[in-house]
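> Each protein sequence line maps, in turn, to chains A and B.
Read in order, the letters of the first sequence correspond to residues 1 to 356 in my numbering.
Read in order, the letters of the second sequence correspond to residues 357 to 973 in my numbering.
Quick caveat, the hints were computed from the structure, so don't treat them as lab data.
Check the hints yourself; a few may be wrong.
EDC-like cross-link-like pairs, simulated, lysine to aspartate or glutamate; straight-line CA separation at most 20 Å [what the hints assert, rightly or not]:
(1) A:Lys200 - B:Glu423
(2) A:Lys235 - B:Glu936
(3) B:Lys736 - B:Glu936
(4) B:Lys424 - A:Glu192
(5) A:Lys88 - A:Glu279
(6) A:Lys139 - B:Asp419
(7) A:Lys139 - B:Asp602
(8) A:Lys234 - A:Asp256
(9) A:Lys290 - A:Asp131
(10) A:Lys191 - A:Asp131
(11) B:Lys424 - A:Glu187
(12) A:Lys291 - A:Glu264
(13) A:Lys143 - B:Asp503
(14) A:Lys140 - A:Glu187
(15) A:Lys140 - B:Asp602
(16) A:Lys200 - B:Asp419
(17) B:Lys495 - A:Asp162
(18) A:Lys76 - A:Glu97
(19) A:Lys139 - A:Asp151
(20) A:Lys89 - B:Asp425
(21) B:Lys424 - A:Glu90
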Amino acid sequence: MRTRLLTIVFLSLSVAIGGGGCSPSSSSAPRINAGGATFVNPLLQKWSGEYKKLKNAEIDYVSKGSSYGIEQMTAKTIDFGCSDAPMKKEQLATAKEKGSDVIHIPLTMGAVAVVYNLPEVGEAKLKFTGDVLADIFNKKITKWDDKRITDLNAGVPLPPKDIVVVTRAEGSGTTNIFSEYLSKVSEPFKKEIGTSTKPKWPQGVIGQEGSDGVAGFVKGNVGSIGYVEILFAKKNNLGTALLKNRDGEYVGPEADAVTAAAEEAMKEKPTAEPYSLHELTYSLTNAAGKKSYPISGISYAILFAKLPKDKGPTIVEFLKWAVSDGQQFGKELEYAPLPEDLRKRAQERLGQVTFE
Amino acid sequence: MTSPPTARAPRSQSWGDTVFGWLCQSAGGFVLAIAATLVLVLVIQSWPVLSNPSKFRLLTSADWNPEKDSYGALVFIYGTLATSLIALLIAVPLGVGAAAYLSELAPGRVRKTCAFLLELLAAIPSVVYGFWAREFLAKQGLAPLFDSLGLPNVAAGQGILAAGLVLAVMILPYITAVSFDVCQAVPRSQREGAFALGSSRWQTIWRVVLPFARPGIIAGCFLALGRAIGETMAVTMVIANSSYLDFHLNATGDTIPSVIAKELFEAGGVKKAALVALGLLLLAITLVMNIAGRAIIGWSSRPSARPGRRPIQIAEGLQAPAPRTLADVEASQRKAQRWDTVMRLVLACCQFATVVPLFLILGYIAVRGVPGVNWDFFTKLPNDSPGRGLSHALYGSVILVGMAAAFAIPIGLLTAIFLAEYRTHRMTGPVRFVAELLGGVPSIVIGIFGYALLVYPFWGNEKWGFSAWAGAFALGVMMLPVVIRASEEAMRLVPNSPREASYALGASRRQTVLKVILPAAMPTIITGVFLAIGRVAGETAPLILTARGSQFFPRSLSDPTPSLPYYIYDFSKYAPGSAEIGLAWTAAFVLVTVVVLLNVGVRLIAGKRVVAAARAD
Numbered sequence: 001m002r003t004r005l006l007t008i009v010f011l012s013l014s015v016a017i018g019g020g021g022c023s024p025s026s027s028s029a030p031r032i033n034a035g036g037a038t039f040v041n042p043l044l045q046k047w048s049g050e051y052k053k054l055k056n057a058e059i060d061y062v063s064k065g066s067s068y069g070i071e072q073m074t075a076k077t078i079d080f081g082c083s084d085a086p087m088k089k090e091q092l093a094t095a096k097e098k099g100s101d102v103i104h105i106p107l108t109m110g111a112v113a114v115v116y117n118l119p120e121v122g123e124a125k126l127k128f129t130g131d132v133l134a135d136i137f138n139k140k141i142t143k144w145d146d147k148r149i150t151d152l153n154a155g156v157p158l159p160p161k162d163i164v165v166v167t168r169a170e171g172s173g174t175t176n177i178f179s180e181y182l183s184k185v186s187e188p189f190k191k192e193i194g195t196s197t198k199p200k201w202p203q204g205v206i207g208q209e210g211s212d213g214v215a216g217f218v219k220g221n222v223g224s225i226g227y228v229e230i231l232f233a234k235k236n237n238l239g240t241a242l243l244k245n246r247d248g249e250y251v252g253p254e255a256d257a258v259t260a261a262a263e264e265a266m267k268e269k270p271t272a273e274p275y276s277l278h279e280l281t282y283s284l285t286n287a288a289g290k291k292s293y294p295i296s297g298i299s300y301a302i303l304f305a306k307l308p309k310d311k312g313p314t315i316v317e318f319l320k321w322a323v324s325d326g327q328q329f330g331k332e333l334e335y336a337p338l339p340e341d342l343r344k345r346a347q348e349r350l351g352q353v354t355f356e
Numbered sequence: 357m358t359s360p361p362t363a364r365a366p367r368s369q370s371w372g373d374t375v376f377g378w379l380c381q382s383a384g385g386f387v388l389a390i391a392a393t394l395v396l397v398l399v400i401q402s403w404p405v406l407s408n409p410s411k412f413r414l415l416t417s418a419d420w421n422p423e424k425d426s427y428g429a430l431v432f433i434y435g436t437l438a439t440s441l442i443a444l445l446i447a448v449p450l451g452v453g454a455a456a457y458l459s460e461l462a463p464g465r466v467r468k469t470c471a472f473l474l475e476l477l478a479a480i481p482s483v484v485y486g487f488w489a490r491e492f493l494a495k496q497g498l499a500p501l502f503d504s505l506g507l508p509n510v511a512a513g514q515g516i517l518a519a520g521l522v523l524a525v526m527i528l529p530y531i532t533a534v535s536f537d538v539c540q541a542v543p544r545s546q547r548e549g550a551f552a553l554g555s556s557r558w559q560t561i562w563r564v565v566l567p568f569a570r571p572g573i574i575a576g577c578f579l580a581l582g583r584a585i586g587e588t589m590a591v592t593m594v595i596a597n598s599s600y601l602d603f604h605l606n607a608t609g610d611t612i613p614s615v616i617a618k619e620l621f622e623a624g625g626v627k628k629a630a631l632v633a634l635g636l637l638l639l640a641i642t643l644v645m646n647i648a649g650r651a652i653i654g655w656s657s658r659p660s661a662r663p664g665r666r667p668i669q670i671a672e673g674l675q676a677p678a679p680r681t682l683a684d685v686e687a688s689q690r691k692a693q694r695w696d697t698v699m700r701l702v703l704a705c706c707q708f709a710t711v712v713p714l715f716l717i718l719g720y721i722a723v724r725g726v727p728g729v730n731w732d733f734f735t736k737l738p739n740d741s742p743g744r745g746l747s748h749a750l751y752g753s754v755i756l757v758g759m760a761a762a763f764a765i766p767i768g769l770l771t772a773i774f775l776a777e778y779r780t781h782r783m784t785g786p787v788r789f790v791a792e793l794l795g796g797v798p799s800i801v802i803g804i805f806g807y808a809l810l811v812y813p814f815w816g817n818e819k820w821g822f823s824a825w826a827g828a829f830a831l832g833v834m835m836l837p838v839v840i841r842a843s844e845e846a847m848r849l850v851p852n853s854p855r856e857a858s859y860a861l862g863a864s865r866r867q868t869v870l871k872v873i874l875p876a877a878m879p880t881i882i883t884g885v886f887l888a889i890g891r892v893a894g895e896t897a898p899l900i901l902t903a904r905g906s907q908f909f910p911r912s913l914s915d916p917t918p919s920l921p922y923y924i925y926d927f928s929k930y931a932p933g934s935a936e937i938g939l940a941w942t943a944a945f946v947l948v949t950v951v952v953l954l955n956v957g958v959r960l961i962a963g964k965r966v967v968a969a970a971r972a973d
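One chain only, chain B, in its complex shape (with noise of 0.2 Å):
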């Protein structure tokens, strides 16, 4: 009785798959409206002082001085370029010996635990940084190595040394972890070739691997500077706050993220234009090294022939050399023998001392944080007596990190399968940029943009303050860059095949999405996800600015917001000793742990080496 089927007329679009692809395109188009909105943002707030270079003199002089109406900013600019090329001093050669070892030298299982290291230590929140920088490297490290050079003792050891050995320490993870792809990026050949002409193992690595990875290793400097410019943390809480150009070697100053956070709160009128202003010029400098940094990877990353660097010209009636005698050959190979067995241990040594900090770090917070560890830390709030805690904290941190991920991870996703999966559409290229850029974005610059936008907004006259609201957008806006990153790569691991048979069984691109592609991909989205989620649960600098702090447990999401690293931050201000202190420390070792169980689970589960993801870049 019923008829047969009819073959259905290829329909144009179903509903569903418009909407679809709708809301893929409109998350794509959300994060280009706040990359534009951030800036915007920053343009219109600093505009009183931008507008009026020669009143204000921001990039010409050298006189802060807010309170006689003098904005020079130079000493700031000073300072964070000094802190960061100290780092960058340090750390280049660090990084790349470390990555040359792990790549080349390294045997299977050394490589493995050395990477995990590596990513735990890029896992370590950077007030935590802060923190031990000041307590441990300014004051049993700095101070007494100045006085031994008898300096003068100016400020216990913190400045800008100090800032910037440990900007080093934070950025050593990185430059290896770049240098470590880039040296495993060099085709196999070119190695064997070097071997076959008789080339020792240090001879091959300096020869042929570093100079073949060399366009990566400085596009993964640039990042890393892109990087070491924007902390703000670690910095602020050892540099010692002074407005001073100073050039010796135990010289305090100040940073531009660092005098943000700190006068920012505290500013009004024109010296609030100033200081979103030098944000701006920090958000400037970012932007540039992290553009000049694709553009290097991007352009050594074409696939070209290599010219030889000196063509080898063969003048005519050149006399072929005469042949060495073998004593003189045993000579040189003896030589480069010594020199690889040398260079081997310097380069195993350069591993060792990346990841020393790190058993540095956590020692030194386990001794320091372990003792308060109890009951009363979890439940308590810290004026409550007897017995300390900071349980508000980490109630609110929760529900700052969980709103944050309910605002990124959805929107990351569908940006992330509008790049993978609509890789056709005239969008992809700009959105994908922008996000990228976004990641690189200083978090200090982030938490004036929430400021700015949620607590202060500029537009009306309703001021909203600090809340849970403006404290998880700004979050989010961090994790943002992270999800779409690793939910791309992720997606884009999945082979063409399965892609391509579901097409051909005549599944909509929403089906194939949701049945073929995202099931296959979710194991190393979730992965991704979850390296965010603690990357963002340390995050500080943001937070000061956007949910400040609370001495009780926030009641609705309007209510200011207190977190762990938010009092990290604060308490690890009060003197030795101090109960305050104390909770700091414990609070320092239960953040550490969150994040270490968190990178330490993830790839348990995982099984896999996910430092792309972790990666913010």
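Just chain A, with the same shape it has in the complex (with noise of 0.2 Å):
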């Protein structure tokens, strides 16, 4: 008897698992297979969202860090990756060796908000020169009362805690944004840390998986500092610093700081590496500019100049749709639109890929 109720048990549960696999889906879009980046995550999703409405593609966009978009994208299990580094010298070479040249597509910009959790400090915007920030994150200050930080908040009742550190666990485009800021301002930072995409954190600084992990943390521990891309701070309702910037100004991550960061940098073409290999992309951290936000950075798109003939046409569709009619979403999840003169090349660029 049990032997039997077990049987027919079982044997209906195939059924419904079997039936349940051979079932044939309901669309036949295209689909694209895409992840990296946590900081242009959101705004992906929103485009994938819409992009569905408007073509019927789906863009299946992961993320896993900025790292991760490279590697897969260079391994090819992903159609294309995003990233807020641009990739380096070596990573290039890799890349050539395994198909073709990469390029480059600006996607978006936005800053790279210090995030903290300290109930005390009510509505009162924290303020930070990029000195502190970086002795913060090199463990030099440790405390929330330090008189270095006191001196900059006259008035704001920093209470006597510990600051709980957090950064990326895994490599990251904002890890690198954010480190090549403080590298670029603190002559001690940049010899013991440097710029990186994973760089070693001094002792008792912690990692957390993704942009939201490291914002669910600040958010859901007191005395905790970290830095994400700014719609993280503001989702979840974390208190974000000013900063000064390079003319002395206090200035919070807004998009229109970002987009005056991004109007100074966007003068000259960048000389120094990993920029200056590629073709679309600046350094806007620490720019000149009364209104500049000293941590903004941009986010890339990056794909083969040679792609496949089934899926290609889609993804460079899509990125062409991105970087221009895709651009008016930007603004609601806070990130700041491109330049036009930047749509505009990014379009050009996008159509020398090449289908094989």
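From the two separate chains plus the hints, produce the assembled complex.
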């Protein structure tokens, strides 16, 4: 009796599973498999939804960090990747070996906000200079009521608590932008830690996975400080710091301040690697200008210049849409839209992609 | 007219039998091949690093900084060992105490209930443990504790201690189950002897039962250590990820499985080789633990006269001790009585402490997860609005587990038939050994295997990418040893007489197996298979490296395929109060409900205690 009962249960389950596995899925829309930076993830998910309605093509974007985007794009397990850190010389060489040249298409610009969780501070916004921020992330300042912080924030009640420093646990373009800024403004930071997608932080700095992981940790733990793309801060109602820019003004991570930084940065062609290796890449960190937010960055789609025939046209079409009509969706998500000139150049660059 | 049937000549063997025998054998061979390929793939992938130990100093340096070409992995080895040892330090006394209580003191009903609760505890997926540990154990338990001890708040409770504690909870049911089994195996005569000499319960437990069971308990500890070392998800989620050697109570760190899970994806070239080498190291450590544990079990279960530890020598001219006064005897009896009462209470507390986490976990998940259970959860996608759900992950999970079962059940069953019914074959020994070891391979190593073999094949230029095939393969490899073990045990439980009767009637081996043995063993086999399904349904580590995840319904089996555990892991990172973390809690609740229902249901139907089948060792 038991045997029969069990067998019946088992068989019916197998049938259900088999049936589920075989049932044809509804749409036959082309699907593009993409992944990488968490910086642009909210925008890409938005685009994915809009583009599906518009062109019935599905963009399956998985946010796992910029290094993932670069590595898996190179390995061709995904159709295109996203990264906020342009590829380095060695990475380009590896990619060339595996396929062809890689092109970088700027998708959007955004601010990396310094976020903290201090209920005592209330609505007031903390102010930091690059120097102080570097020393917090270098573990030289370990208490919130350290004199160097209180000096910058007269009148703000800072508690005598430990600073819990949170960074990204995986290779991240946001980290690259952030550490590039700190390296530019602090000589000791440059020497001890340097610019990297995953630098070796000093002891006592912890890591969480993804921008959501960092924002989630800061949101859930009093006394912590981290850095995330601004939308993650807004979405979670986190306090964001004002930073002193190169011209001595305190600026918050607003879209306009990113646009201002971009305008300054794009005045001349970059000469330093890795930005000089590509056509459309710029370093926006620590830009000149009174209104510029100093930790700004561009997120790029990275793809081979030679794409396979079946998926290639869909990818290029989507990216062309993203850098033109798609830009309107950036604003509501706190991103700064690309400047007109850059959009045009991105379109042209996409036109050079060949299919084989 | 018709001539009487002539007596058939003794047939050599019908082709059906030949094919059947060949099938069983090749299933066994397949298990060997899988294991060999696993090791081979890991060695090939890590060769650039293995072949040059003086350059990469994997085992001699603590500086892990791939950006600067520095691959010292001591930090991760330290983290792995530290978390596992903390877990053992807590879980062994508690587990052995609980087992002693269950075996020697507990009334029948309590024993049954507790055994069942322990099995549930063992069935909770590790990603759910991690989620709970991060939100409850670290945030609400350890963070305030560190604060009250005056320790600096480095990671809000996360770190090596948190990981050790959650590992302790995870291996507790395992240690308890093994210890319980060996306590039960202590012969009755030993206990009766002790009682006859006037021992109290506690004295019997302490002086007779536990020493007798010691080798088995030690073996159990080795096996548990092997598990703790290979555990990935729960540890990744609470270890706080920092690459420094730190020996404080509130230290943060990283472990081998955790660093592989996080960084293998984004690694190429030397870094990838270094990570795979770490996987190989992990495999080696767990294998050593497993082989050691098994060797101890084998050695101790061999029947042998047990010589007294301290042979009593009667020296010449020794005076017999003066008889003790009545008062003396009474005093020592009272003392023994008091001890007895105290220790009984202590053992009961051990048992209590063992099952408390179960209620903490189930309760916490129910509180956080139930509000999100609604129709949307089962019908919508995570990017939908209004109403978000994980329907595609449910669907993907069903496909992955179904495919894994379709792969593992036939092969596992055939292998089990081979092991149970072809006992004289010279391959059975190696196959059984390898199948048992395969059960002890950490899930993340199987993830690397699937990743290197099917996602990112190392032999050709064509990259296949993340797919349901790769995910199902990894899950299938995890499931295979469990199915083999459960089926073999089930077939061994079939008494010999029907087998002999069948052969006496002239049935061939195939007929005996298919018509006699399998029908008799089927209920136990199906129970075991269901429990195996419950186990792999919650597996996460192999999936994040193979099937990955997707925002959409998978359309073909070569698409990246979402799964429920993957989304619990992915969304558990989101901020408190966000929609995603709500989905993660609901997903955890749904997953745990399915696993618990599977366990309860199978037990209700089969009506037997089948813990052996649930243990994948």
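> Would you mind marking each hint as holding or not holding in the structure?
Evaluation of the provided hints:
1. A:Lys200 - B:Glu423: holds (8 Å)
2. A:Lys235 - B:Glu936: holds (12 Å)
3. B:Lys736 - B:Glu936: Holds, at roughly 13 Å.
4. B:Lys424 - A:Glu192: Measuring from Cα to Cα gives roughly 12 Å; hence the hint holds.
5. A:Lys88 - A:Glu279: holds (13 Å)
6. A:Lys139 - B:Asp419: holds (18 Å)
7. A:Lys139 - B:Asp602: Distance of about 15 Å is within 20 Å: holds.
8. A:Lys234 - A:Asp256: holds (15 Å)
9. A:Lys290 - A:Asp131: Between Lys290 of chain A and Asp131 of chain A the Cα gap is close to 18 Å, so the pair holds against 20 Å.
10. A:Lys191 - A:Asp131: At roughly 14 Å apart (the allowed maximum being 20 Å), Asp131 of chain A and Lys191 of chain A satisfy the hint.
11. B:Lys424 - A:Glu187: holds (19 Å)
12. A:Lys291 - A:Glu264: holds (10 Å)
13. A:Lys143 - B:Asp503: With a Cα-Cα distance of about 14 Å, the restraint between Lys143 of chain A and Asp503 of chain B holds, given a limit of 20 Å.
14. A:Lys140 - A:Glu187: holds (14 Å)
15. A:Lys140 - B:Asp602: Holds. Lys140 of chain A to Asp602 of chain B sits at ~18 Å (cutoff 20 Å).
16. A:Lys200 - B:Asp419: The given pair, whose Cα atoms are some 9 Å apart, holds under the 20 Å limit.
17. B:Lys495 - A:Asp162: holds (16 Å)
18. A:Lys76 - A:Glu97: Since the Cα atoms of Lys76 of chain A and Glu97 of chain A sit roughly 12 Å apart, the hinted pair holds (cutoff 20 Å).
19. A:Lys139 - A:Asp151: holds (18 Å)
20. A:Lys89 - B:Asp425: holds (16 Å)
21. B:Lys424 - A:Glu90: Measuring from Cα to Cα gives roughly 13 Å; hence the hint holds.
Hint violations for this structure: none, all hints satisfied.
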